[in-house]
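*Asks:* Sequence:
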Amino acid sequence: MFKKTPSHDSTKSGITLCGIAVILALCALALPSSAANIDAREVARINNCTPKKIEISRQTVGESGSTTYNVECIIAKTKEEGAEKAPDSLLIKCKGSLCELLRPVKSGEK
Numbered sequence: 003m004f005k006k007t008p009s010h011d012s013t014k015s016g017i018t019l020c021g022i023a024v025i026l027a028l029c030a031l032a033l034p035s036s037a038a039n040i041d042a043r044e045v046a047r048i049n050n051c052t053p054k055k056i057e058i059s060r061q062t063v064g065e066s067g068s069t070t071y072n073v074e075c076i077i078a079k080t081k082e083e084g085a086e087k088a089p090d091s092l093l094i095k096c097k098g099s100l101c102e103l104l105r106p107v108k109s110g111e112k
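Start counting at 1 in the sequence shown, then tack on 2, and there's your number in our numbering.
Don't read these hints as lab results, they were simulated from the structure. Careful, some of the hints might be misleading.
Unchecked claim - In silico DSS-like cross-links for lysine-lysine, where the CA-CA straight-line distance does not exceed 30 Å: (1) Lys-97 / Lys-54; (2) Lys-55 / Lys-81; (3) Lys-79 / Lys-55.
To be verified - DEER-style ranges, computed between Cβ atoms: (4) Leu-103 / Val-63: 31 to 39 Å; (5) Thr-18 / Pro-89: 46 to 54 Å; (6) Ala-78 / Leu-103: 19 to 27 Å; (7) Lys-108 / Arg-60: 15 to 23 Å; (8) Ile-76 / Thr-18: 47 to 55 Å; (9) Thr-18 / Asn-50: 46 to 54 Å; (10) Pro-106 / Ile-58: 13 to 21 Å; (11) Lys-54 / Ser-99: 35 to 43 Å; (12) Lys-97 / Ile-76: 23 to 31 Å; (13) Arg-105 / Lys-54: 34 to 42 Å.
Glycine included, every Cβ here is placed at the ideal spot set by N, Cα and C.
My request is simple: use the sequences and hints to build the entire structure.
*Replies:* Here's what the structure looks like:
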């Protein structure tokens, strides 16, 4: 007379929702790095460097985590002989969305 309907198991849906929440939290942790990349680009532009390539040089995690970027600059060619080669990249350190210039770097130097 009566049909049996399968009972809905709430524990399985709870585990699934918890798993989705963990995945979303991990995705959110990756976002500050890309935002700091944009801020590092702005610091380079302020310091007369048109960014050609931005690489992560060093990264620390934790409550006071920071990322250090090596920003390669587009430098105009000079034809002077014996002229000292100018630095062609910058080291920029970012904590959250606050970035600061550490020092200019010549190619081949780290």
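*Asks:* Confirm or reject each hint.
*Replies:* Hints, verified against the model:
Of the pairs offered as hints, the one joining Lys-97 and Lys-54 holds, with about 22 Å between alpha carbons and a cut-off of 30 Å not exceeded. Between Lys-55 and Lys-81, the direct Cα distance comes to roughly 24 Å. Compliance with the 30 Å bound is thereby established for this hinted pair. For the hint pairing Lys-79 with Lys-55, the CA-to-CA distance comes to about 18 Å; that is within 30 Å, so the pair holds. Judged by the Cβ atoms, the range 31 to 39 Å given for Leu-103 and Val-63 is violated: they are separated by roughly 23 Å.
Taken as a hint, the range 46 to 54 Å holds for the pair Thr-18 and Pro-89, whose Cβ atoms sit roughly 53 Å apart. Between Ala-78 and Leu-103 the Cβ separation comes to about 20 Å, which falls inside the hinted range of 19 to 27 Å. Roughly 18 Å separates the CB atoms of Lys-108 and Arg-60, a value that falls within the hinted 15 to 23 Å. At about 49 Å, the CB distance of Ile-76 to Thr-18 agrees with the hint of 47 to 55 Å.
One distance hint, 46 to 54 Å for the beta-carbon pair Thr-18 and Asn-50, holds here, with the actual separation near 52 Å. Here the CB-CB span from Pro-106 to Ile-58 is close to 18 Å, well matched to the stated 13 to 21 Å. Checked against the given bound of 35 to 43 Å, the beta carbons of Lys-54 and Ser-99, roughly 23 Å apart, lie outside it. Evaluation of the 23 to 31 Å hint for Lys-97 and Ile-76 yields a pass: the beta carbon distance comes to about 27 Å.
Taken as a hint, the range 34 to 42 Å is violated for the pair Arg-105 and Lys-54, whose Cβ atoms sit roughly 18 Å apart.
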